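Model the placement of chain U on the given structure of chain L, informed by the hints.
Chains L and U supply the protein sequences, listed in that same order. Using numbering that gives the first Met the number 0, the first residue of the first sequence is number 0, and each one after it goes up by one. Using numbering that gives the first Met the number 0, the first residue of the second sequence is number 0, and each one after it goes up by one.
Hint data in this document are derived by calculation from the structure and do not stem from the laboratory. Computed from a predicted model, the values in this text were never measured in an experiment. Nothing false has been slipped in among the hints.
Mimicking DSS-like on lysine-lysine, the simulated pairs with C-alpha atoms at most 30 Å apart in a straight line are:
id, chain 1, residue 1, chain 2, residue 2
1, L, Lys400, U, Lys16
2, U, Lys453, U, Lys478
3, U, Lys453, U, Lys487
4, L, Lys429, U, Lys16
5, L, Lys487, L, Lys283
6, L, Lys16, U, Lys429
7, U, Lys515, U, Lys478
8, L, Lys307, L, Lys482
9, L, Lys16, U, Lys400
10, L, Lys515, L, Lys500
11, L, Lys453, L, Lys312
12, U, Lys520, U, Lys500
A short, non-exhaustive set of chain L residues, derived as facing chain U with CB atoms under 8 Å:
id, residue
13, Met1
14, Leu5
15, Ser193
16, Phe239
17, Arg336
Between beta-carbon pairs, the in silico distance windows are:
id, chain 1, residue 1, chain 2, residue 2, range
18, L, Asp287, U, Pro479, 53 to 63 Å
19, U, Asp405, L, Asn172, 17 to 27 Å
20, L, Gln260, U, Pro479, 51 to 61 Å
21, U, Lys400, L, Asp137, 51 to 61 Å
We treat Cβ as the ideally placed atom computed from N, Cα and C, and that holds for glycine.
Spelled out from the first residue to the last, the chains are:
Number of protein chains: 2
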Amino acid sequence: MMNTQLTLRLLIERAEKYFPKKEVVTRKASGIFRYMYADFGKRARRLASALQTLGVQRGDRVATFAWNQHRHLEAYFAIPCIGSVLHTINIRLSSEHIAYIINHAEDKVLMIDEDLIPLIEKVKDQIPTVKAFVIMTDNPELPETALHPVYSYEQLLEAGDPGFQFRSDIDENEAAGMCYTSATTGNPKGVVYSHRGIYLHTMCMGLADTIAYSENDTVMPVVPMFHANAWGIPFAAVMFGSKLVLPGAGPTPQILLELIQSEKITAAAGVPTIWTGVLQVLEKQPYDVSSLRAVLCGGSAAPRGLIKAYEEKFGIPFIHAYGMTETAPVASVSRLRSNHQHLPVDRLLDIRSLQGMLVPGLEMRVVGQNGDVNWNGQEMGEVWLRGPWVADEYYNDERSKETFIDGWYHSGDVATIDEEGYLKLVDRTKDLVKSGGEWISSVDLENALMAHPKVFEATVIAVPHPKWDERPVAFVALKPDFKDQVEKQELLDYLAGQFAKWWVPDDIVFLDEIPKTSVGKFLKRSLREQYKDHLIRM
Amino acid sequence: MMNTQLTLRLLIERAEKYFPKKEVVTRKASGIFRYMYADFGKRARRLASALQTLGVQRGDRVATFAWNQHRHLEAYFAIPCIGSVLHTINIRLSSEHIAYIINHAEDKVLMIDEDLIPLIEKVKDQIPTVKAFVIMTDNPELPETALHPVYSYEQLLEAGDPGFQFRSDIDENEAAGMCYTSATTGNPKGVVYSHRGIYLHTMCMGLADTIAYSENDTVMPVVPMFHANAWGIPFAAVMFGSKLVLPGAGPTPQILLELIQSEKITAAAGVPTIWTGVLQVLEKQPYDVSSLRAVLCGGSAAPRGLIKAYEEKFGIPFIHAYGMTETAPVASVSRLRSNHQHLPVDRLLDIRSLQGMLVPGLEMRVVGQNGDVNWNGQEMGEVWLRGPWVADEYYNDERSKETFIDGWYHSGDVATIDEEGYLKLVDRTKDLVKSGGEWISSVDLENALMAHPKVFEATVIAVPHPKWDERPVAFVALKPDFKDQVEKQELLDYLAGQFAKWWVPDDIVFLDEIPKTSVGKFLKRSLREQYKDHLIRM
Numbered sequence: 000m001m002n003t004q005l006t007l008r009l010l011i012e013r014a015e016k017y018f019p020k021k022e023v024v025t026r027k028a029s030g031i032f033r034y035m036y037a038d039f040g041k042r043a044r045r046l047a048s049a050l051q052t053l054g055v056q057r058g059d060r061v062a063t064f065a066w067n068q069h070r071h072l073e074a075y076f077a078i079p080c081i082g083s084v085l086h087t088i089n090i091r092l093s094s095e096h097i098a099y100i101i102n103h104a105e106d107k108v109l110m111i112d113e114d115l116i117p118l119i120e121k122v123k124d125q126i127p128t129v130k131a132f133v134i135m136t137d138n139p140e141l142p143e144t145a146l147h148p149v150y151s152y153e154q155l156l157e158a159g160d161p162g163f164q165f166r167s168d169i170d171e172n173e174a175a176g177m178c179y180t181s182a183t184t185g186n187p188k189g190v191v192y193s194h195r196g197i198y199l200h201t202m203c204m205g206l207a208d209t210i211a212y213s214e215n216d217t218v219m220p221v222v223p224m225f226h227a228n229a230w231g232i233p234f235a236a237v238m239f240g241s242k243l244v245l246p247g248a249g250p251t252p253q254i255l256l257e258l259i260q261s262e263k264i265t266a267a268a269g270v271p272t273i274w275t276g277v278l279q280v281l282e283k284q285p286y287d288v289s290s291l292r293a294v295l296c297g298g299s300a301a302p303r304g305l306i307k308a309y310e311e312k313f314g315i316p317f318i319h320a321y322g323m324t325e326t327a328p329v330a331s332v333s334r335l336r337s338n339h340q341h342l343p344v345d346r347l348l349d350i351r352s353l354q355g356m357l358v359p360g361l362e363m364r365v366v367g368q369n370g371d372v373n374w375n376g377q378e379m380g381e382v383w384l385r386g387p388w389v390a391d392e393y394y395n396d397e398r399s400k401e402t403f404i405d406g407w408y409h410s411g412d413v414a415t416i417d418e419e420g421y422l423k424l425v426d427r428t429k430d431l432v433k434s435g436g437e438w439i440s441s442v443d444l445e446n447a448l449m450a451h452p453k454v455f456e457a458t459v460i461a462v463p464h465p466k467w468d469e470r471p472v473a474f475v476a477l478k479p480d481f482k483d484q485v486e487k488q489e490l491l492d493y494l495a496g497q498f499a500k501w502w503v504p505d506d507i508v509f510l511d512e513i514p515k516t517s518v519g520k521f522l523k524r525s526l527r528e529q530y531k532d533h534l535i536r537m
Numbered sequence: 000m001m002n003t004q005l006t007l008r009l010l011i012e013r014a015e016k017y018f019p020k021k022e023v024v025t026r027k028a029s030g031i032f033r034y035m036y037a038d039f040g041k042r043a044r045r046l047a048s049a050l051q052t053l054g055v056q057r058g059d060r061v062a063t064f065a066w067n068q069h070r071h072l073e074a075y076f077a078i079p080c081i082g083s084v085l086h087t088i089n090i091r092l093s094s095e096h097i098a099y100i101i102n103h104a105e106d107k108v109l110m111i112d113e114d115l116i117p118l119i120e121k122v123k124d125q126i127p128t129v130k131a132f133v134i135m136t137d138n139p140e141l142p143e144t145a146l147h148p149v150y151s152y153e154q155l156l157e158a159g160d161p162g163f164q165f166r167s168d169i170d171e172n173e174a175a176g177m178c179y180t181s182a183t184t185g186n187p188k189g190v191v192y193s194h195r196g197i198y199l200h201t202m203c204m205g206l207a208d209t210i211a212y213s214e215n216d217t218v219m220p221v222v223p224m225f226h227a228n229a230w231g232i233p234f235a236a237v238m239f240g241s242k243l244v245l246p247g248a249g250p251t252p253q254i255l256l257e258l259i260q261s262e263k264i265t266a267a268a269g270v271p272t273i274w275t276g277v278l279q280v281l282e283k284q285p286y287d288v289s290s291l292r293a294v295l296c297g298g299s300a301a302p303r304g305l306i307k308a309y310e311e312k313f314g315i316p317f318i319h320a321y322g323m324t325e326t327a328p329v330a331s332v333s334r335l336r337s338n339h340q341h342l343p344v345d346r347l348l349d350i351r352s353l354q355g356m357l358v359p360g361l362e363m364r365v366v367g368q369n370g371d372v373n374w375n376g377q378e379m380g381e382v383w384l385r386g387p388w389v390a391d392e393y394y395n396d397e398r399s400k401e402t403f404i405d406g407w408y409h410s411g412d413v414a415t416i417d418e419e420g421y422l423k424l425v426d427r428t429k430d431l432v433k434s435g436g437e438w439i440s441s442v443d444l445e446n447a448l449m450a451h452p453k454v455f456e457a458t459v460i461a462v463p464h465p466k467w468d469e470r471p472v473a474f475v476a477l478k479p480d481f482k483d484q485v486e487k488q489e490l491l492d493y494l495a496g497q498f499a500k501w502w503v504p505d506d507i508v509f510l511d512e513i514p515k516t517s518v519g520k521f522l523k524r525s526l527r528e529q530y531k532d533h534l535i536r537m
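Extracted from the complex, chain L is given alone in its bound form (with noise of 0.2 Å):
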């Protein structure tokens, strides 16, 4: 059969040429702006033609610095399209690691919202690969800043060519972006993403059994772009035409919330904490949501109580996922199943409450102390993953041989899977509690104290114990109404209903909010090195 390179470049020509007038829609301070696909294509041939006049070439790493936005859209497609890699940097590190990651990809073109600009001057002297700083701004003018050699993007596009021909030579195996991951110590890993890798994960995104993006869905990818390619949303909104809406920087629950409401938003997506934020709002204040057909969420698990509200409450269908920067990002989703239809509604809670099943395309085993666990529900492994979308190793990194193996991904996820083949994920290796030489699941204790009414967040660790090795104790941070009016012994009695007594808590601590990660996770790391000595001294 024809040997058909599978690039990116298919994907915004099929936009182009059958979904010229649907629209994106990008939210900014001074209000909604929208343009065409029609628009969006010939701005993004416009990049791709400027970049090789700033002396762009192929392989070359382009770094993104910026939120969900259609600027940001262009450059997924116009750097990749015209062989180059995108390389999207995540905001919210630190400086110290934003510049060991734009050196470590040797990125020579670094382009950054305005508003962003003070995080990279920070960094500025000791990011010598790159050779121009593009600023993406509607203001005619540019700002003053530090950062040089500066180049307006409008400027750039306008000297651009809107009928520049994307690289039709590309094979499906070089690289199209990059994102880096956090690693539990020292720098961020990157991975390396092919044009085919990207393109196999979108057609699984379409699938009707995994999120079944379509023509018909207005999607909101609220899971940030510089954030494993905001698990794919770009890609599968230009190859199958659907609307897109981006909300810009720093949304709140508030503004997502008229974002769907306005919109008529079909699929959002973002982690739990997005959602948990935006529940709060809607129990308060009414918004119309009827649109949406799937809340899509994914990150970190979660809670089921989480997943109740929506789908209780608010009618709203929750699409539990699970992946990472290192599976581009999706790997499995829990969907009901036909043999599912006719279970109780609490049951089919448990069920969407699961990671749920490996999407089609990739391979999956879950390997315990004695090999593949049984598919009971009950036995806990790691989860190894192997597809054309997952990684085989860290760009230019030692650590690669920790993690791949023999052709397997080594995730550090803990999980069971059931008869069905739902995974559950129990905990991370390294987050599991091993107390007495058994172990604790730090997760479905997170999740039995999420479920309280009166919890709003909470997160688990292992802490060092000088007769169990280990010992969980748990963090919570109240609902706003029920601050300092819960004792500890509530939440301990909570879980002593649910739990062996052995699994229970040694002991539970308030805080205002649980520290997280940049990406929104509860940051375990923080807690265990301030933590450590807690239970030797109590």
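Frame of chain L, contents of chain U only:
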């Protein structure tokens, strides 16, 4: 990213792991036979090991000569998953062509349904490459046959290994299957399907905006498994875990309706003549067809009247698709888009009658006498296609160079394309009527005739004419109730109300039945030959 090869092993292993209890149902003369994907997997593994015992090696062609039934499904996977090539022979070909393609493909083993043995016995002395005949039968005793050497499928399986490991070292570009397509003149032409091509076509069929095959579906391919992989449905069912219903030998419309009713089919697929036949029965006799979410129709253009009857009388959504053996086969699908939802019903039917939008993954040009046609629904051009499931040649065939030119497959189909990119087949390049230097679409005339309430089937061909070079002549089979009760002039007047005067056929010939090809398409070639002097004689 990982260098995972896209092979059929991944499909069958997914069904075994995730859908072991989903059913595969075969209708036999003796009744319904059902087993589960778990059984299917074990039997496919037994077959794979048995074929190796028979001496089948990597790259060898193993042919099937069979109806849609579960053993054929096992062959669909066992053969490619040991690196051999599944050659599905059209049982409706002439003996001459059957012998030709077995020799041309150099088939080593031939797997034959018991009732079809006589067709192979006719050519037994002309097919020296075949080293073994495997008889697929429920009978414990092999029938008397002149074939030699013969093996019992079930005895081979009994000796086979249910734990046999499929090859994991197959390159995705290796051949997985092949199918011959009839040529206008001369011998059939072979198309080879790679693992990659089938895999990507299968993914495409699961997209929400194409056919959306899903675990929730019960699918029934009426289209034969010896014809373009039954439009890829067996592969899709296995990949996505759909319940699969195989209608067995020579299913009548009554049999199909009984299966739809009893097995609760959600998605059935066949050529227009199948759905015309089913409709005739359904109009007289009630069946519960409420489970159907889609009737997929392709192979030749479905008349608007047929689509209208299904949708309006029975509320069955009709999905009109377009493709061919050379495209594995689906190239376009007519689904409604979000901007169509407020259109009047009549306009929606118009859209559903089109061949629809190119599916994601392929590229298309429609090329007329002056290059690519404008997208205005008026200009006619030939459909050119390229993509990962489009053939790049005919197998060992000099005629390849007439069809595969500069990286494009020239389909020989003439079409227009409208502002939104919806394809409308107008004719075959060779079936266009060239009257006085202008083109007349035989398909438009056929569709108009078939929408007439008294007409059952109609076809239109170009007949040589002394003055105009060619003029259209129509052939009409009336519905039984109207037989011998319609005058030519009634139909000519009917057409004159819809077309320019010079489009109206010069004659209408009533036939009891329109002659058809082995795959149910109208056999224009024989009519052209038989009526070549019709207008000269008149």
